[in-house]
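Student: For reference, the chains in residue letters:
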Amino acid sequence: MTWSAYLPIWPLSISPALWLALTLVVAVLVGEALMRYLRLPRIVGYIGIGLLLGPGGLALIPQLPATEWRLVVDLALGILLFELGSKVNLRWLKANPWIAGTSLLEAAATFFVVYGLLLWFDIAGVTAAVVATIAIATSPAIVVRTVTESRAQGQVTDRLLLMTALNCIYAVIFHKLAVAFMHGETGTSFIHTVLPPLYLIGGSAALAWLFGITFERIHHHLGQHEETFSFVLFGMIAFATIMAATLKLSPILVLLAAGLITRYRRQRSRTFPPHFGSAGAVLVVLMFIANGLAADLSGLRDSALLVLLLIMARAIAKSLSVLVLAHYSGIGLRQAMALGVALVPMSSVALLLTLDTAVAFPAFGSGMGLVLMSCIVILELAGPIIVQAALRAAGETPETKI
Amino acid sequence: MSLMPFAPSRPLSIGVELELQLLSCNDYNLISSAPDMLRRIAKFPHAGDIKPEMTRSMIEINTSVQQEYGALVEELRSLRKVVSDAGRFLNVAVAGGGTHPFQHWSEQKIFDAPRFHYLSELYGYLAKQFTIFGQHVHIGCPGPDEALHLMHMLSRYVPHFIALSASSPFVQGHDTGFASARLNSVFSFPLSGRAPFVLCWNEFEQFFDKMTTTGVVESMKDFYWDIRPKPEFGTIEVRVCDTPLTVEIAAAIACYIQAMSRYIMVEQRVAPEEDDYLVYTFNRFQACRFGLEGVFIDPRTHEQRSVREDIADMLTRIADHATELRATEAMERLREILTVGNGTSWLRQTYAREHNLGNVMQLQAELWMGSN
Chain A
1 MTWSAYLPIW PLSISPALWL ALTLVVAVLV GEALMRYLRL PRIVGYIGIG LLLGPGGLAL
61 IPQLPATEWR LVVDLALGIL LFELGSKVNL RWLKANPWIA GTSLLEAAAT FFVVYGLLLW
121 FDIAGVTAAV VATIAIATSP AIVVRTVTES RAQGQVTDRL LLMTALNCIY AVIFHKLAVA
181 FMHGETGTSF IHTVLPPLYL IGGSAALAWL FGITFERIHH HLGQHEETFS FVLFGMIAFA
241 TIMAATLKLS PILVLLAAGL ITRYRRQRSR TFPPHFGSAG AVLVVLMFIA NGLAADLSGL
301 RDSALLVLLL IMARAIAKSL SVLVLAHYSG IGLRQAMALG VALVPMSSVA LLLTLDTAVA
361 FPAFGSGMGL VLMSCIVILE LAGPIIVQAA LRAAGETPET KI
Chain B
403 MSLMPFAPSR PLSIGVELEL QLLSCNDYNL ISSAPDMLRR IAKFPHAGDI KPEMTRSMIE
463 INTSVQQEYG ALVEELRSLR KVVSDAGRFL NVAVAGGGTH PFQHWSEQKI FDAPRFHYLS
523 ELYGYLAKQF TIFGQHVHIG CPGPDEALHL MHMLSRYVPH FIALSASSPF VQGHDTGFAS
583 ARLNSVFSFP LSGRAPFVLC WNEFEQFFDK MTTTGVVESM KDFYWDIRPK PEFGTIEVRV
643 CDTPLTVEIA AAIACYIQAM SRYIMVEQRV APEEDDYLVY TFNRFQACRF GLEGVFIDPR
703 THEQRSVRED IADMLTRIAD HATELRATEA MERLREILTV GNGTSWLRQT YAREHNLGNV
763 MQLQAELWMG SN
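Sequence order for the protein chains is A and B. For the first sequence, the working numbering assigns the number 1 to the initial residue and increments by one for each residue that follows. For the second sequence, the working numbering assigns the number 403 to the initial residue and increments by one for each residue that follows.
Worth flagging that the hints you see were computed from the coordinates, not collected in a lab. Some clues are possibly wrong.
Label-pair distances were calculated between CB atoms; the ranges are [unchecked claim]:
#	chain 1	residue 1	chain 2	residue 2	range
1	B	Phe684	A	Ala393	49 to 55 Å
2	B	His519	A	Asp122	57 to 63 Å
3	B	Ala444	A	Leu309	39 to 45 Å
4	A	Ala279	B	Tyr626	31 to 37 Å
5	B	Gly472	A	Ala205	47 to 53 Å
6	A	Leu38	B	Asp451	18 to 24 Å
7	B	Gly772	A	Tyr199	53 to 59 Å
DSS-like mimics (lysine-lysine), calculated; alpha carbons at most 30 Å apart, straight line [unchecked claim]:
#	chain 1	residue 1	chain 2	residue 2
8	B	Lys483	B	Lys445
9	A	Lys94	B	Lys483
10	A	Lys94	B	Lys445
11	A	Lys94	B	Lys453
A short, non-exhaustive set of chain B residues, derived as facing chain A with CB atoms under 7 Å [said to hold, decoys possible]:
#	residue
12	Arg412
13	Arg442
14	Ile443
15	Phe491
16	Asn493
17	Glu509
18	Val600
19	Trp603
20	Glu605
21	Gly760
22	Gln764
Glycine included, each C-beta is placed from N, C-alpha and C at the ideal position.
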């Protein structure tokens, strides 16, 4: 028997997973410190540490194996999207059509302002359109997480959740349409340009509907056992995500719609624990760290001005749209400003749409894709702070610190 | 500051104030939406008055001066419509009931107005604990001495009003066992209870002046009595009722007090005695705790019966007065409560069926807002 039989060989060969585990601990501690001493949202710490230690920052953590992480990210985003959908009351749109109006105006204004800006920068029309559709989406992950963490309640909070759900739906659908045009431009027939969005909407709706019904059944029988229920739910979310991908549908649309449908069909209001239990919360934390690790700021080097203008133009479009219709939709000036600003964060949904486009069109990935990535990183880091400040300014967070 | 002179008012005219709960449609917890609601409501002309209350999850509706049940219930329904429409527009549910079953008092926010901030400073957490919802009924009196007379005579029937309106069994997530747990929150205020036994307005003014010179009170508003005179309106104000679960019951209870006042002023004509108050707190407690099943001790005969029996007896005695005031429909509604139960029974039955206080609150809001 030799030393080496039971002692580790020096230098230690350390698996990347160890660094990751360590990152998790550090990120959570930093998040907690930010919350306690600076009253900043915890997720700033999660994303920030991921960004700082990852390939985009100090590069202490090697590039992650994408496929293994993808499941975590998809599952966590699925949880957040389903959670967002199930918090949103679609009937409200009927009682207050001005909110639907605000949502449509906000999305249209964002699209056209971003589109116009990119044309001015001599970007090809169809590429500009793809980017503009992605810019429509507010980050559901940041919104849901920040609202949960700050325990906000009120008009701005309710509208923020509703308008985020809606603009994600617009973004996914119009992105598909824009990408179809991109395909059209690269030489496929008209029918293959029109059918994809129709298949996407119809297929996603059907899958979401099935999910919704199954969810209600399972909740009816297992709702009392919170833990069991949450595990079954995660299984279902993973299944729906993979199924949607297999059928070339949008997992984003499917889970968001599933949440909306469950809420719409429900007779009694139901509250679920945040992220459907602590297992969900762990996944959400991991997702934010992963987003930080995946951050890519290289777009800033070549097109810092465009990135900056893009962020500003988008924020102005969203804020002004909300402001214009505030009076009719029944909120005050201060609330409207808070709501407009809170719609600014970008994160996972925009990231996934960008990555999907880049896979189909590598040229996009190395061009406008990088610009978008930089916008996303900035708005992902600033997003939670902005949303929290907006909700506080609107007076919708609890008065006493807990 | 001395007491205002007692304004003239039409005898037996009535006015109703209802404090209402504002709820989130997501979890049916209280939500601080009063500023949003009031901003929305201000855009529509409406009868009566809609006002803020101590915390931002409350709103108060006041009727104008009314003479009889029909018009009163109509005005309350139109106020309900204004408030419910604003609620639907803002994704806020509105409900009756004396307490919110699972709100946490520390999460309530004080409405931004000088008086509420002053009270919040003075009473501390009591102000936030005061997120409870009551019905106040004004009865017009021909003069100040008559008002004091009526106030003391009505005091004897305070348990009736409590038991009929009781709709607050749940507090902070639990069944308290009380029919009206709301009143327990009122008792913690230093100037709660009953008015002093004085029968002429001069003496009452002297009492008030003495109290103001001690610095304890500044105006009548600082007395949280069960029944108190309201000189600027020329009325007495009965303040013990929980906000009932529907406006119809609120109107019926107001008309019960009105018919009883007519009976006291026109038919009974007996002078109140200080000894009537010997059983006051006992009877009141019984009604709070057990509602219609509570024990009621007659202060004069010392006879014991249930509050329900005493109300049934009173309904027979005032039947002619109710007819005269065109309030027979109101009396029918009250007889119905005696058989099917008050708001508290409805809440307990609903909870037994739903096993979830959020669902109870949702159904309570649906009941109050009505179908349209």
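Student: Work down the list of hints and note, for each, if the structure agrees.
Tutor: Now the hints, each set against the structure:
With their beta carbons about 52 Å apart, Phe684 (chain B) and Ala393 (chain A) fall inside the hinted range of 49 to 55 Å. Judged by the Cβ atoms, the range 57 to 63 Å given for His519 (chain B) and Asp122 (chain A) holds: they are separated by roughly 58 Å. Distance hint for Ala444 (chain B) and Leu309 (chain A): a CB-CB separation of about 41 Å, consistent with the stated range 39 to 45 Å. In this structure, Ala279 (chain A) and Tyr626 (chain B) break the distance hint of 31 to 37 Å, their C-beta atoms being roughly 50 Å apart.
The hinted window of 47 to 53 Å between Gly472 (chain B) and Ala205 (chain A) holds, with their beta carbons roughly 51 Å apart. Checking the proposed 18 to 24 Å range against Leu38 (chain A) and Asp451 (chain B) shows it is violated: the Cβ atoms sit about 45 Å from each other. For the pair Gly772 (chain B) and Tyr199 (chain A), the beta carbons lie near 44 Å from each other, so the given range of 53 to 59 Å is not met. Only pairs whose Cα atoms come within 30 Å are accepted, and Lys483 (chain B) paired with Lys445 (chain B) is accepted, the gap being roughly 14 Å.
As the CA atoms of Lys94 (chain A) and Lys483 (chain B) are separated by approximately 17 Å, the hinted pair is consistent with the 30 Å bound. With a C-alpha separation of about 20 Å, the suggested pairing of Lys94 (chain A) with Lys445 (chain B) holds against the 30 Å cut-off. This hinted pair checks out: Lys94 (chain A) and Lys453 (chain B) have alpha carbons roughly 27 Å apart, not beyond 30 Å. Interface hint status for Arg412 (chain B): violated, as the beta-carbon distance to the closest one in chain A is roughly 38 Å, over 7 Å.
Hint status for Arg442 (chain B) relative to chain A: holds, with the closest Cβ pair at about 5 Å, below 7 Å. A least Cβ separation of about 10 Å between Ile443 (chain B) and chain A goes past the 7 Å threshold, and the interface hint is therefore violated. Taking 7 Å as the C-beta contact cut-off toward chain A, the hint placing Phe491 (chain B) at the interface holds, the least distance being around 5 Å. Using the Cβ-Cβ criterion of 7 Å, the hint placing Asn493 (chain B) at the interface with chain A is satisfied: the shortest such distance is roughly 5 Å.
The beta carbon of Glu509 (chain B) comes within 6 Å of a beta carbon in chain A, closer than 7 Å, and the hint placing it at the interface holds. Against a cut-off of 7 Å between C-beta atoms, the interface hint on Val600 (chain B) is violated, since the closest Cβ of chain A lies about 42 Å away. Proximity of Trp603 (chain B) to chain A is violated relative to the hint, the smallest CB-CB distance being about 43 Å (cut-off 7 Å). Evaluation of the Glu605 (chain B) hint against chain A yields a violated restraint, the C-beta minimum of about 44 Å exceeding 7 Å.
Hint on Gly760 (chain B) holds. Least Cβ distance to chain A is approximately 6 Å, under the 7 Å limit. For the restraint placing Gln764 (chain B) at the interface with chain A, the shortest Cβ-Cβ distance is roughly 6 Å, inside the 7 Å limit, so the hint holds.
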